[in-house]
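Chemist: Residues per chain, in single letters:
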Amino acid sequence: MNSSAALAASGLVKSFGDSPVLAGLDLEVPSGSLTAVLGPSGCGKTTLLRLVAGFERSDAGTIRLGNRVVCGAGTHVAPERRSVGFVAQEGALFPHLDVAANVGFGLPRSQRRGRRVEELLELVGLDGLAQRFPHQLSGGQQQRVALARALAPSPKLVLLDEPFDALDAGLRSQVRGEVRTALREAGATALLVTHDQEEALSLADVVAVMRGGTIVQAADPQSLYRDPVDAEVARFVGEAVLLSSRLFGNRAETPLGSLSTRGAGATGGVPGTVMLRPEQIRCREAGSADGPRGRVLSTEFYGHDATARIALDDPACPEIVARSAGHRLPRVGDEVSIVVEGAALAYPAAGAAGDLAPVARERDLIASLHGKEAT
Amino acid sequence: MEAAGAHHRGPALPALRRWARRGRRRPPRMLLGLATAVALLVLVPLGFLVDQALSIGWGQVEELLFRHFVGALLVNTLTLMAVATLACAVLGVAVAWLVERTDLPGRRAWAVLAALPITVPAFVTSYSWVSITPAVQGFGGAAAIVTLAYYPLVYLPVAAVLRGMDPALEESARSLGMGRWRTFFRVTLPQTRPALLGGALLVAVHLLSEYGAFAMLRFQTFTTAIYEEYRVSFDGPAASMLATVLVLLCLVLLVTELGLRGRARYARVDAGTARPASPVRLGRAKWPAAAAVAALVGLALGLPLATLAYWVARGGSSGFDIGALLAACGTSLKLGLGAAALTTLLALPVAVLAVRHPSKIATVLERAAYLPFALPGIVVALSLIVVSIHYLPAIYGTTQLLLVAYAILSLPLALVATRAALAQAPPVREEVARSLGCRPLWAMARVTLPLIMPGIGAAAALVFLATVTELTATLLLAPIGAHTLATQFWAKASTLSYGAAAPYAALMVAISALPTYLLTRRLGGVVRPPEAR
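In order, the protein sequence lines correspond to chains C and A. Quick note: the first sequence, position 183, residue 183 per the working numbering, numbers continuous. Quick note: the second sequence, position 87, residue 87 per the working numbering, numbers continuous.
Just so you know, the hints here were simulated from the structure itself, not pulled from any lab data. A quick note: this is a predicted structure, and the numbers were derived from the prediction, not measured. Heads up, some of the hints might be wrong.
Said to hold, decoys possible - Sample of chain A residues at the chain C side, in silico, Cβ under 10 Å:
(1) Phe139
(2) Pro426
(3) Met444
(4) Ala445
(5) Pro450
(6) Met453
Note that CB positions come from ideal geometry on N, CA and C, so glycine has one too.
Work out the full structure, taking the sequences as your base and the hints as a guide.
Modeler: Structural data, given as structure tokens:
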């Protein structure tokens, strides 16, 4: 077990009645890191946090905080003895206490109005608001007070349960930045759960993708985006274009032609899936490049960049999405040629996303086409 | 390595999941024990009635129940209940509609004044009428006077619904071609139905339990008959058999009320109506309508208060014992505060169990705690007397026993207020407090208790009010030599010393005015605490 992990959970199992929520989950949070658990709503993220905080008991598995087992066979350390801070979804400030009293809540009585509270308020950029009451604060300010309150007793780990969810979209990225800065300056180790992949990628040092009650991949944001372990993770973390293919070593035959691949090598025309990010797909004026041709179905313009949905002339090929700089956006109805930049990520069928129905259907279609070629 | 079934869970329902999760948490044993003890205490009167019925045997039960006297009582009680409840319903809805939905002159003032008769106990209203003319004694007078005393129980909830109702409903009806009256009967009235039925049932239960007013008006119902039987034969089975019938009648009403309340929750209108309704123009009916409301308020509130003032002035001239008045006042205050403290203390574990640890057993215990809603004061008093004489003679005739009776009687009031406050203080704050190092009870004391303090205060005020104006149980259970404002008033009034009785009633009304004021201010103001968004 990694000795520098602030939190190490292994084999966590938890179900509520007949519905399993955590199914043997393993997770490590390195000391000093901000780790995000990313998963769709209802995947069990919040349950994981509540187990770590000690609000719930696990059915099986162990949780270590540093070197101390807080949850394991026959052991359940009460939440108040874990030294784990908790920032709830909507802050959950104590409405009957002012900001200073909220922040000082977890401190020994002698420090509740002292220097430490001021320090923490400075840390989250709220100095001067000590006498305000929670209802006099904006949503973002409330979240920052909640963070200061959680950091006050210098916990070994801070848990954040979708802390930006209740904020307006405009405010969200700003508060996110402020929270990240505060956590860094405090040198705190934090575990955040979210369903927002943009949030997880932009904020965290390590992103752990959760699915079906387990962590399917944990990596730094770049690696996760570049090398998702399977097609489903690829689609969940950023946009992905998935193509059924036959894999030949570091090349693959795909509806977009023969592409170079990386990832799990498979030879001899093994069926599989390759993944491309939309920004690897370029649209050129029809005929100006060799790639397959298609027609632009629709476009979405975001200012800094834009995406185009394209139907290829080859009817067997699924619609694909290409991303380009905003000013190079083709028009709807344009005929374009497709060029692929960089290598595609290959997933051999055996280990690839087993229950991706559309991909499976495409794969069957491709297989039948190849069959025709063979005859 | 995924667990079987993990794929089939589909889109989760987080709310449902959370609910299930909370349901699974086992309630602390101490809490469960306390709540069970409270529920058992409440069940003492019912247990007593069942025990009595079993011990005297069917033959005697038959003999005691199936006689002409009981039949006459049943007819008396039920006809009066039906007539007065109906009258309260009509009056309550009419006043509520006039005050909330029309351009009635002075509607703001009338809205407050029309609710105030609730602060004058029905036995004081009856006394003031009887002191003017004995002609009000009998069925007609009794029905009219209890209607004047209890119509606010319908008026208040119906007015609240009308105030919160979306004006778009009525406007849509009008735009669909309905006239003013058809709109009222087909749209407005159905909206108020849960509140109206709930209020009417409350009136009916009060009428079944009422003793003082009917005794004063010389109209015999089950309650007055039980009291007389008790006076005659102390521990007799006749009184307890009559009490059984009375409790059965009340339980029927309670079950009906519970059913209606369940549905009323779904019918509740969203509180935040952006647009105030444009009032219905009364036109030429404006001044006659105002006169009618003024007459009602005059009869229900003005007349009792004026009579009291008159008798106080008269009695003052003939000289009364100010020392006795102050002593009775002190006793009433002490009992009121004691009952408020004891009852809120008893309500707290039941409320915490019901809100924080919902389960089958919690539901059963909570329902049991609501039972006294259907237990008339006379039944509770009677059962406590007999049970204490048989099993705990040391507490018979003590203040403690009286306080227990008050606590049983007003437990539902305290429970409603405490529970509502707790439900608005979600457990997440306690969890945060625990993650900051607080032990469970300490987290509750530092975080949740301050948040539900207004609710507990309301509970205490309600219990205090009910206790200070309680007559029946106090008459039966007050320790020898302990006189409250209510019992002193009763002693004087029933010997026709109206002047000597008046100061006690006046002081009683004055004392109950303060908590009433606090309660209405609270209900009228911000109902929700400022909540972190």
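Chemist: Determine for every hint whether it applies to the structure shown.
Modeler: Hints versus structure:
1. The beta carbon of phenylalanine 139 of chain A comes no nearer than 54 Å to any beta carbon in chain C, farther than 10 Å, and the hint placing it at the interface is violated.
2. Because the closest C-beta pair between proline 426 of chain A and chain C is about 8 Å apart, less than 10 Å, the hint holds.
3. Taking 10 Å as the C-beta contact cut-off toward chain C, the hint placing methionine 444 of chain A at the interface is violated, the least distance being around 12 Å.
4. The closest approach between the C-beta of alanine 445 of chain A and any C-beta of chain C is roughly 12 Å, which is over the 10 Å cut-off, so the hint fails.
5. Of the supplied interface hints, the one on proline 450 of chain A holds, with its beta-carbon coming within about 4 Å of a beta-carbon of chain C, less than 10 Å.
6. Taking 10 Å as the C-beta cut-off, the interface hint given for methionine 453 of chain A holds, the closest approach to chain C being about 8 Å.
Comparing the model with each numbered hint stated earlier shows that hints 1, 3 and 4 do not hold.
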